[in-house]
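Fit chains B and C to the given chain A structure using the hints.
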Amino acid sequence: MQWETVIGLEIHAQLTTQSKIFSGSSTTFGAEPNTQASAVDLAMPGTLPVPNEEAFRKAIMFGLAIDADINKRSVFDRKNYFYPDLPKGYQTTQLDHPIVGAGHVEIQLKDGSKKSIRIHHAHLEEDAGKSLHEDFHGMSGIDLNRAGTPLIEIVTEPDMNTAEEAVAFAKKLHGLVSSIGICDGEMSQGSLRFDVNISIRPVGEEKLGTRTETKNLNSFRFMEKAIAHEVERQIELIEDGGEVKQETRLYDGEKDISRSMRSKEEANDYRYFPCPDLLPVVFDDDYIEAIRKTLPELPDVRQARFIEQLGLSEYDAGILSAENTMAIFFEATAKTCNDAKLAANWIMGELSARLNSEDKSISGIELKAEQLGTLISRIKDGTVSSSGAKKVFDALWSGEDNNVDKIIDAKGLKQVSDTGALEAIVDEVLAGMTDQIEQYKAADDKKRKKLMGGFMGPLMKASKGQGNPKLFNQILAKKLNN
Amino acid sequence: MSIQREDVEKIARLAKLQVNEEQLETVANELSNILGLVDQLQAVNTDDIEPMAHPTDAVQTLRADQVTETDNREAFQKIAPATENGLYLVPKVIE
Amino acid sequence: MHNKTVAELSKGLAAGEFSSVELTQHFLTRIAEQDTKINSFITVCEDDALTEAKAADEKISAGNATPWTGVPFAHKDIFCTQGVKTSCGSKMLDNFIPPYDATVTSNFKQQGAVCLGKTNMDEFAMGSSNESSYYGRVTNPWGENLVPGGSSGGSAAAVAARLTPAATATDTGGSIRQPSSLCGVTGLKPTYGRVSRYGMIAFASSLDQGGPIARTAEDAAMMLNVMASYDKRDSTCIEREVPDYTATLNKSIEGLNIGLPKEFFSDQLDAKMQQQVQNAINELEKLGANIKEISLPHTELSVPAYYIIAPAECSANLSRFDGVRYGHRCDNPKDLEDLYMRSRTEGFGEEVKRRIMVGAYALSAGFYDAYYRKAQQVRRLIKNDFTNAFENVDLIVGPTTPSPAFGFNSKGDDPTAMYLEDIFTISTNLAGLPGMSIPGGMVDGLPVGLQLIGNYFDEARLLNVSHQFQQATDWHNKAPKNCL
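Residue numbers (our numbering), protein chains in the order written: chain A, 1 to 482; chain B, 483 to 577; chain C, 578 to 1061.
Same shape as in the complex, but just chain A (with noise of 0.2 Å):
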């Protein structure tokens, strides 16, 4: 039996406001517990939720971003269930009147193809508190700081075929809600939470199979996991004879292993109505041009560019160009040594590697961009060698110092290239080492090329370490070949 896989995503994105959604609590990360808790916050007797503006000119941005219609007129919602995180005992949400209408988002996949994933809509909503599970002597402990925060829920349509699609999708919304500076992706924070629903059916079947719901994935090597894992476990059972329920599951990427939520066993009847301390919010035409005009280049439209005006290629165009502090950084670096193709190498490679290996953003390092495009203008124009240039980036990395000449002095790195300069050097290196002049007269290419390298050692060692390298295997050859 031929399988297709089915996956759509849910996506949670706090929003970086100052304020909560219907409170002038702050938002900020890691304040102690219950200290940004408002009486409205903590569903207090009496006490009335007041939207934030900037919540919603943050949403109807990210509408604007993917080209969906913005509801000039959205209502809010309650949502009702009990759980000790969420304090009135109901969620406020947008149902039937969310702020932003369908679009789409388009992917790139490893082999060039592209797609184009539907957004079928997203809605603000509140987020809950969390709940500590370290023992109180057998209880729980919970902190509403986070009750309330901002979030915009975005549902995409089962458009996604395979755990690539999805994680490409996932990288790709990351990239423009950072882009657009709506949310600061930082999912081991929580700020972005991705929840995955997948079902399968027979290929050729239109019918969709019966969906779980994979929630909480903050990672996207998890989520490739999660979604082959739970494919896998769809596919057996059925192969087995048995059914996929409905459920909502959770994934361990530690163990790879998944189970049903507990909690969500009893489908929750959420009685939905509408809020009826919030008023319909209405927004005219003139106030989302506005926000329009404050968009920042998309990242689309940004990958387009690096490929037109910088010469990059798709690939390398589409990956610099998902994150803004990765692209403002690529393009820092490459108008200071001019060199598109070697700055992308540079950050893509080594830079990247950093980043990956130490856990870091590039938001959070020494390093300048200037200062990389200095010293990558210096290898070009022969200041220092490849080797050298590593030493240098090293320095620059662990901020020893700022200054890429000042560096490549202190650490004698610096390259000498003037070819007079080096075939006096290599005239006089010559002049004591006839046995080997002859060795290497007398012997094949073959032979020749390893009888080079015995040249080298000495020339280096008679220009203490800076002669140029290429250069000096240029005159050598030249002499030698003579």
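These are computed hints drawn from the structure, not numbers from a lab.
Do not take every clue at face value.
Said to hold, decoys possible - Pairs of lysine to aspartate or glutamate residues, derived as DMTMM-like cross-links and limited to a Cα-Cα distance of at most 20 Å, are as follows: (1) A:K464 with A:D405; (2) A:K130 with C:E914; (3) C:K631 with C:D671; (4) B:K574 with A:E224; (5) A:K255 with A:E224; (6) A:K478 with A:D405; (7) A:K207 with A:E247; (8) C:K809 with A:E53; (9) A:K72 with B:D539; (10) A:K72 with A:E134; (11) C:K839 with C:D946; (12) A:K411 with A:D381; (13) A:K341 with A:E358; (14) A:K79 with C:D946; (15) B:K574 with C:E914; (16) C:K911 with B:D539; (17) B:K574 with A:D85; (18) A:K130 with B:E566; (19) A:K368 with A:D405; (20) C:K911 with A:D135; (21) C:K960 with B:E556; (22) C:K960 with B:D529.
On a predicted model such as this, the values are computed, not experimentally measured, just so you know.
Leaving out everything else, chains B and C in the frame of chain A:
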């Protein structure tokens, strides 16, 4: 509209209210009476009538994005049933 | 002193005839002596009131007084009062001492008024007889076996018994007007959005409104001057200038067009009541008003519509009472489900639980369209009835209640029998219009109210007409035995 015992059990569960075995019958009857009253609504034609969620046609005034609340944890937790280290305590929450 | 109106007390204080401390002590003593019979107060704030009175006296001597400085009054126990127990008539909030004030509360504090205490009420404002309070029922000062009405039974009874010159109250389906009618006092439910709901514990968000209960229209106007304000913390509060409601009390009502809804004069109305109301209407005619018959065809549907919408909203509004952050919590909960179940079941009374369940049912899957959505559609029909009526008349007048005060436990086991008490008042809440009840006559020695319904934000006119009526008649001066 007649409410049965099972309906009462389901609703009570959703609303987190306990209704004893002995009370189920009574509550079912009381709710049936109320909903019987409400069935009069069905006789009215409301095609094309927009539901009215608010008495006025006013629209929402939005709030500027400013932090206006300060830490008032002490005052709030003074009236709380169970707290520790600034957290509200509840019986263990199992996911 | 306790027979003086707020207006008279205010002038008396300004003139130095007595001090606020004297005045306050007078009422506190009366409450201590007489409230055991009536049970109109849940909390009496002796120390705080005297402290406030002292501060008020200082302000008065310094010449910094407002009309309300030093005048005693009471708050229905639904308005959060910082540092003072606010129970909403429920065991669920028996231990609740809010660390914040309702906007209405701070409005009065800013004026330097003196809060005598918190008045009794039907639990969570659900009821028409004040028999459901955790703190025991309230007795109507007009008869020891009679209900005062509800849910603001405590406020109405306290004012009628002259235990306080005035009291704040709330009205969701008639809870200011109906007890005012049964207790022979003057009560006003303002236009929805006129008075801030912040800190006023919510029952049905789209229907609740805070308003005054006093003995005269003038006093009610003075109260509304303080209660009404634009509050950004309440999204449903309308930004609109608050006029001085006392400034237009004396306008002539010559030529005013008054409508009498024929549906309010059906056979549901007690014949003697009908006579009293007719007499009152005749008085208005004598004052120059033109009386016309109008129709509010969907009046009958207002009760069913209300008994879906209000419970639905309250079922969600009361979900926050879960034993976690404040209020009643059961002992030794064994798990989360047990915490919720027992805290809520122990904390709420029968009527509250009933309405929560009705509300949850009306909103549940499969029933939303037939119940909730349908009720909201009927609500618009009811509002349209009024809009149409107000094209032809300036004011609508009729009875407030179908009969005078009834006996305790007289409505039997069917909860819907009590609900029909609200037949004349509920449509006003559904439409969001302002409504008033003033003493309009007597039936068998018991007061009956005359109801006035105005167009949106027309409180000044309601108060004006009421004041004119009270200049020409004497019903509002009648007091229950032994209360003068």
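Results for each hint:
no., hint, result
1, A:K464 with A:D405, "holds, 18 Å"
2, A:K130 with C:E914, "holds, 18 Å"
3, C:K631 with C:D671, "violated, 29 Å"
4, B:K574 with A:E224, "violated, 32 Å"
5, A:K255 with A:E224, "holds, 14 Å"
6, A:K478 with A:D405, "violated, 32 Å"
7, A:K207 with A:E247, "holds, 19 Å"
8, C:K809 with A:E53, "holds, 14 Å"
9, A:K72 with B:D539, "holds, 15 Å"
10, A:K72 with A:E134, "violated, 45 Å"
11, C:K839 with C:D946, "violated, 31 Å"
12, A:K411 with A:D381, "holds, 18 Å"
13, A:K341 with A:E358, "violated, 25 Å"
14, A:K79 with C:D946, "holds, 16 Å"
15, B:K574 with C:E914, "holds, 10 Å"
16, C:K911 with B:D539, "violated, 48 Å"
17, B:K574 with A:D85, "holds, 12 Å"
18, A:K130 with B:E566, "holds, 15 Å"
19, A:K368 with A:D405, "holds, 14 Å"
20, C:K911 with A:D135, "holds, 15 Å"
21, C:K960 with B:E556, "violated, 46 Å"
22, C:K960 with B:D529, "holds, 16 Å"
Hint compliance for this structure: hints 3, 4, 6, 10, 11, 13, 16 and 21 are not met, and every other hint is.
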